[in-house]
Amino acid sequence: MNRRDFLKNTVKGIAGIALPLAAFEFVNPRELFATKDDNAKVRWGFLVDTYKCVGCGLCVKACKLENEIPYDANVSRTWVERYVITKDGKKYADSPKAARDGFTTGKIDLGEGKFQEIRNEDIEKAFFVPKLCNQCENPPCVQVCPVGATYQAADGVVLVDRTWCIGCGYCIMGCPYGVRFFHPKYLTAEKCNFCYHRISKGLKTACVQACPFGARQIGNLKDPSDPVTKIIMTERVGILKEEYGTKPQVFYVGLDREVK
Amino acid sequence: MKNHVFRPLLVVIGLIVIALIFRFFYVPKDFGVHERGYMYGWYRQGNIEDWRNFSVKYQGKDSCSGCHADKVENISKTPHAIIQCENCHGPAMEHPSNPPKLVIDKSRAQCLRCHSWLPYPSSGRSQIRGIDPDKHNPDVECVMCHNPHKPSLEGLT
Amino acid sequence: MVHGELWTVKELFVYPNEYIYWSVQIVMYPFMTGLVAGAFVLSSLYHVFAIKELKDIARFALVFSFALLFAAPVPIILHLQHPLRGINVMMTPHFTSAIAAFGIVFSAYGAIVASELWFLYRKHFVDIALPLKEKPDKTLGEWFKFIVFCTLTLGVYDVSEESLHRDEKAIKVLAGIGIPVACFLHGYAGFIFGSVKANALWMTPLMPVIFIMSAIVSGIALCMLTYIVTMEIRKLVAKKKSASLPRHETREELQSAEINVIRMTAKYLLLFLVFAITLELLDLVFRGYTAVKSWDVLRSIIYGKDFTDIFILQYTVGNLIPFILFLLPNLTIRRAVLAVLLVMFGVFMMRWNVVIGGQAFSLSFAGYMHYHLPIIPHDWETLKEGFFGALGVFIMPFVLFYFMIKIFPIFDLKESH
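Protein chains in written order, with our numbering: chain Z, 1 to 260; chain S, 261 to 417; chain L, 418 to 834.
Worth flagging that the hints you see were computed from the coordinates, not collected in a lab.
Since this is a predicted model, take the numbers as computed values, not measurements.
Be aware that one or more of the hints could be misleading.
Here are the simulated distance ranges between beta carbons [claimed, not checked]:
id : chain 1 : residue 1 : chain 2 : residue 2 : range
1  : L       : 720       : S       : 338       : 56 to 64 Å
2  : L       : 698       : Z       : 185       : 39 to 47 Å
3  : S       : 338       : Z       : 236       : 50 to 58 Å
4  : S       : 387       : Z       : 116       : 22 to 30 Å
5  : L       : 790       : S       : 327       : 53 to 61 Å
6  : S       : 339       : L       : 620       : 30 to 38 Å
7  : S       : 334       : Z       : 227       : 26 to 34 Å
Every residue, glycine too, gets a C-beta built ideally from N, C-alpha and C.
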């Protein structure tokens, strides 16, 4: 073989090997099969007490202002749902403007400008259910992000990189809880991140701090002496949509079977 | 006679090399697999710090009592002690330097959040003393008669 | 207004952040990639399985597949909230996501089709480039033509019998590899939907297969249609020419689309149509039989709100009627044109019913969302995600095809493989 052919073949060979090696940069088998980091000292968990929630919506207002979600936009990182079950077995649920202004009327918002009046004597049970991102242990939204713009930090919070998100919306479609949306200004995927900037400084999340009734609590699930963790471990709590296998980390006291 | 059949393959390999060179400059250096593995931890590491540095707006009641101890003291003797100052006065941010004055939400809607009575027996809502907003002085601000810092009905202004 | 709010009307209990985020452009994307895959499979039926009757349409289908390939990513670019960051999918792909496969699959497929075209048209490039090379004084137009075709030869000027024979073998190999890649190209689009466990309508392992089958159906249908139309246009052009000159048209110029080619291709279309319908009905029957938690709301969508879209428009107009039209004896060109138009409409409705239908109900299973496609645009968003945006995407491959046949001619080629 002459020198020219040798050089040509060497270049081809290197190029040929470089490609599968480049693939390993994306997919390192060791890292791919690595178990999740069990050495992390903090794993954030949230506790919602649906008996205590009165539907005042101060949490939603605080969240919007703290996290710079445009106040009049019809999206919110967190919201409160109202459920009313009447004596004849009918079920009603609504969340007007994500409960940003609370619930000030007994009329149920049915959408398309229609409202349902319910007589007080017909109510069998009624309650409020705050909802937010569950920061799942197996977050399906992170799994479906095509570019690595959304991810899970070591302490369990799922975050979105606003500089990298392409705005495809796959994560929004992938969330079974409907907590994600497009930020009206940044046009990237957006969701509750447990006020990561606050909890990292030892503060409580905006919604936890704002709630006058203690319906919302945040704690470290890895700390057995944390009061929130104690409740979750010792009292009867429920989680949302367990059948999807997401392992959500927001726990509900008094979770009713009607909650959607 | 060399085999011309591989000519398109060379073009493809050339394009891939160009793409990889572009990638070297385009993708931030801290982008990679971090804790939680490739499935859940494929991201730009610097973003964590970006989020940590996001500005805090709500300061909490403890920071208010630094200067407004009397107001905090008074309201702590009433049922409204459980409400954060910033729920009605807006986020403190860097008050008093920015903003120098906080808002006061005196609207009827603000009070109705809790005090529009709803007959929900299995919820704490029905325990809060409230009114029917359509019947009880509609269109009048609640603060015309009630003092939020001293909401006792016996102490109406 | 937040993205999606403009064309979404919510009914009953819908979560506050839910809107119809994946609108008409996400319907167009699998439709277009389906046409790409189908056109390529049709072309490969000749090159790999040597079905001689398909020779004419095979070359046609390959060039059209290439034109479609450039049009296919356009709906995605129009849909992305940050289209300029679209390149991130190729730069930092997250392969746990089906969408990340886009970069690899599209590039691989593009490389295969481009290479196959090169082998097919190599002699044509040389035949044009060489005489221009010899010519001493070139006009500006000729210089441009020379540069383009010289580059296209990739420096290979050997057009001996032996080299052409090698070309044929290479085409066969590429067509062979290309079939699974084309299937992957559209299968992954089906996987994008089928793997979303959060969406009760989309979640089924059958989704990728259903998508592939209906993609092939639409691709074959489109090629048949464009082939017939192109032959008719040729006839018109030839007639016009001879009207002004004292000459008669040649037999070749007056030739319509070959009825035998149409009939043979129709048989393959029917085969894949049967596969597609079977799988879709299987999915429906299974859902009704197992009746899991989501069945109540899905039933109200499938048999209620979307009944017309699904059973009348897609199954009857788009599947059953063309099925009958194709099966009736002595298929004529006119009947074939009607049937393929209906088939393509049916495939489009299938994509619509999956994408829009999947967002017609809330995650709460207790509410609905109605999609109002923006028709008259009043800003950039209502244009790009509205009727005219979709129409533009559909027309684009035809426009590209018109320019492409100047480089890859489909008629009057002296030597064809």
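Violated hints - listed by number, lowest first = 3, 6
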